[in-house]
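**Student:** Each chain, letter by letter, is given below.
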Amino acid sequence: MGNLVTAKDLCLSYPDPSQGIRNLLSKPEPMPLALKHISFTLDPGERLALVGLNGSGKSTLLRTIAGIYPPKSGTLTVNGSVVALFNMGVGMRMDLSGRENIFLQGLAHGKSQKEMADIAPEVIDFSELGEVIDDPIRTYSQGMAMRLSFGIATALSPEVLLLDEWIGAGDRVFRAKADARLAKMVEDSRGFILASHNVHIVRRYCTKAMWLDKGKVLADGDIETVLAAFTEATS
Amino acid sequence: MNWALKNISDGFQRRSLWTRLAITDIQQTYRRSILGVAWISLSFAMFISVKILIFGSFPAVDRNTFAIWLAVGFWIWLFLIDAVVGGCNSFIAARPWIIGTNIPLSVYVLQTTTRALIRFSFALPVVVGVLIFFKWDFSPQWFWSLAGLAALIINCLWAQLFLAAICVKYRDFGHLTQSIMHVMFFLTPILYQPEQLGDKAYLLNFNPFTHYLAVVRDPIYYQTFPTLSWQVVSVTTVLGWIIALLVFKRLGPEVPFRV
Numbered sequence: 011m012g013n014l015v016t017a018k019d020l021c022l023s024y025p026d027p028s029q030g031i032r033n034l035l036s037k038p039e040p041m042p043l044a045l046k047h048i049s050f051t052l053d054p055g056e057r058l059a060l061v062g063l064n065g066s067g068k069s070t071l072l073r074t075i076a077g078i079y080p081p082k083s084g085t086l087t088v089n090g091s092v093v094a095l096f097n098m099g100v101g102m103r104m105d106l107s108g109r110e111n112i113f114l115q116g117l118a119h120g121k122s123q124k125e126m127a128d129i130a131p132e133v134i135d136f137s138e139l140g141e142v143i144d145d146p147i148r149t150y151s152q153g154m155a156m157r158l159s160f161g162i163a164t165a166l167s168p169e170v171l172l173l174d175e176w177i178g179a180g181d182r183v184f185r186a187k188a189d190a191r192l193a194k195m196v197e198d199s200r201g202f203i204l205a206s207h208n209v210h211i212v213r214r215y216c217t218k219a220m221w222l223d224k225g226k227v228l229a230d231g232d233i234e235t236v237l238a239a240f241t242e243a244t245s
Numbered sequence: 004m005n006w007a008l009k010n011i012s013d014g015f016q017r018r019s020l021w022t023r024l025a026i027t028d029i030q031q032t033y034r035r036s037i038l039g040v041a042w043i044s045l046s047f048a049m050f051i052s053v054k055i056l057i058f059g060s061f062p063a064v065d066r067n068t069f070a071i072w073l074a075v076g077f078w079i080w081l082f083l084i085d086a087v088v089g090g091c092n093s094f095i096a097a098r099p100w101i102i103g104t105n106i107p108l109s110v111y112v113l114q115t116t117t118r119a120l121i122r123f124s125f126a127l128p129v130v131v132g133v134l135i136f137f138k139w140d141f142s143p144q145w146f147w148s149l150a151g152l153a154a155l156i157i158n159c160l161w162a163q164l165f166l167a168a169i170c171v172k173y174r175d176f177g178h179l180t181q182s183i184m185h186v187m188f189f190l191t192p193i194l195y196q197p198e199q200l201g202d203k204a205y206l207l208n209f210n211p212f213t214h215y216l217a218v219v220r221d222p223i224y225y226q227t228f229p230t231l232s233w234q235v236v237s238v239t240t241v242l243g244w245i246i247a248l249l250v251f252k253r254l255g256p257e258v259p260f261r262v
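As they're listed, the protein sequences go chains A and B.
Quick note on the numbering used here: the first sequence kicks off at 11 and runs consecutively.
Quick note on the numbering used here: the second sequence kicks off at 4 and runs consecutively.
The hints are simulated quantities; they were obtained by calculation from the structure and are not laboratory data.
Yeah, the Cβ is synthetic: ideal placement off N, Cα and C, and Gly gets one too.
All clues stand as given, with none of them false.
Per the computed footprint, the stretches of chain B lying under chain A, defined by three or more beta-carbons under 8 angstroms from a beta-carbon of chain A, are: (1) 14-24; (2) 27-33; (3) 93-104; (4) 250-260.
Each computed SDA-like pair below joins lysine to any residue, with the alpha-carbon atoms no more than 25 angstroms apart: (5) K124/A <-> Q30/B; (6) K82/A <-> L43/A; (7) K121/A <-> M156/A; (8) K252/B <-> L86/A; (9) K218/A <-> E197/A; (10) K46/A <-> R261/B; (11) K46/A <-> K224/A; (12) K252/B <-> T87/A; (13) K138/B <-> S44/B; (14) K224/A <-> E257/B; (15) K121/A <-> E169/A; (16) K82/A <-> I246/B; (17) K46/A <-> A238/A; (18) K18/A <-> S69/A; (19) K9/B <-> H119/A; (20) K82/A <-> L254/B; (21) K252/B <-> T180/B; (22) K252/B <-> A44/A; (23) K224/A <-> D26/A; (24) K252/B <-> P25/A; (25) K54/B <-> W80/B; (26) K46/A <-> D223/A; (27) K121/A <-> N10/B; (28) K121/A <-> A25/B; (29) K121/A <-> L8/B; (30) K252/B <-> V88/A; (31) K46/A <-> G65/A; (32) K124/A <-> E169/A; (33) K252/B <-> S23/A; (34) K252/B <-> P80/A.
Take the sequences, apply the hints, and build the full model.
**Tutor:** Next up, the structure:
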């Protein structure tokens, strides 16, 4: 069993943002690279932190690993299922009930109807929505909707978990519960990649780090060494 | 070409997802209304009845045969316009899904086709009602219409793949397509029969939509197998798929960035 994630010389550029009939006529300028020759590996059991300032390419790299953005060149191999929690509650349907939304989200993540029937009770229990789970989520408060989407997102058990900032939900009391649940999900995954600005969170959950700047890797390896270099350069 | 074909076959395997998405779309539209999905049949029935009343009263028109002509023709048109206009928005409407998950893009095209098919099937009882009400004789030729429907679905898939991919990059294309479809409604023999155009009737043969309608409608209306129309449909199916795959291969990978 080799690496979970292997990236070799990964490059990515966004296509020219101009849209419309105009760019049929003139050839657009080539866009600068958003990711420049990135190589790294993630072995089973490793927890990687992506650090860097805004616009450094952390989210772009995560989306590439998640299989959303196709790289321009280089190779990327991911062995195992990936779950990326970027937009929690993506595709929630307001007029469907909480329960129907749980099943829809499950299908979107490739779960079968039967698998979801096993998962659903636990999600409902966790999100504390037992009484209203068959009401349309349009009638939920914002907090309730957040708890539901958080509950669904964290009910999946991927081999590789990708997080763009540590996510939480709910009031102070619920937050502790949510933290514990997400930590458990990280624990259960075989590999974990977290992009974050929060040095405390990164220290707590990750075993190694990679510092990105303008799409380039400036340092990677031992978490303390990378964090020290990063904080020194940016403070 | 590999990328495009793999995307389509991967998407095809997520059948429970795209059917569920399509059903949800329909539910979303009609939930909280008392009649719900019955509105699909009802609005279709209203349109047909009024058209039969007005156009069927013209002196040169036989109301009974016109009713069949219109009901079947407009029924197919409803599907075509639903599929084409929906296809323009397949990816645009799925934006949060596309940038948040790695679900193959073809899933959203299959979702749009399925949604159009569901709406289409809710209008079927009205067509059957018209056939019964005007005592149209059954003929075994009708089964050719099923083959025609299958051809329409296969054609809708390439058209949607093509339109969905191109409309993400060139937003004008969606509006252009809608405008063209409005014009095509009058250039396609739905509200009138080709014979009414006299010696200009042959011009209708240059409109592919004439043939898309004919492969379903002719077996029911004329009880014949429309050979010319099947030839045209076969050619556009092959050409359409080739063009759609080329466009999808070129523009598909850019969709998550642009949508």
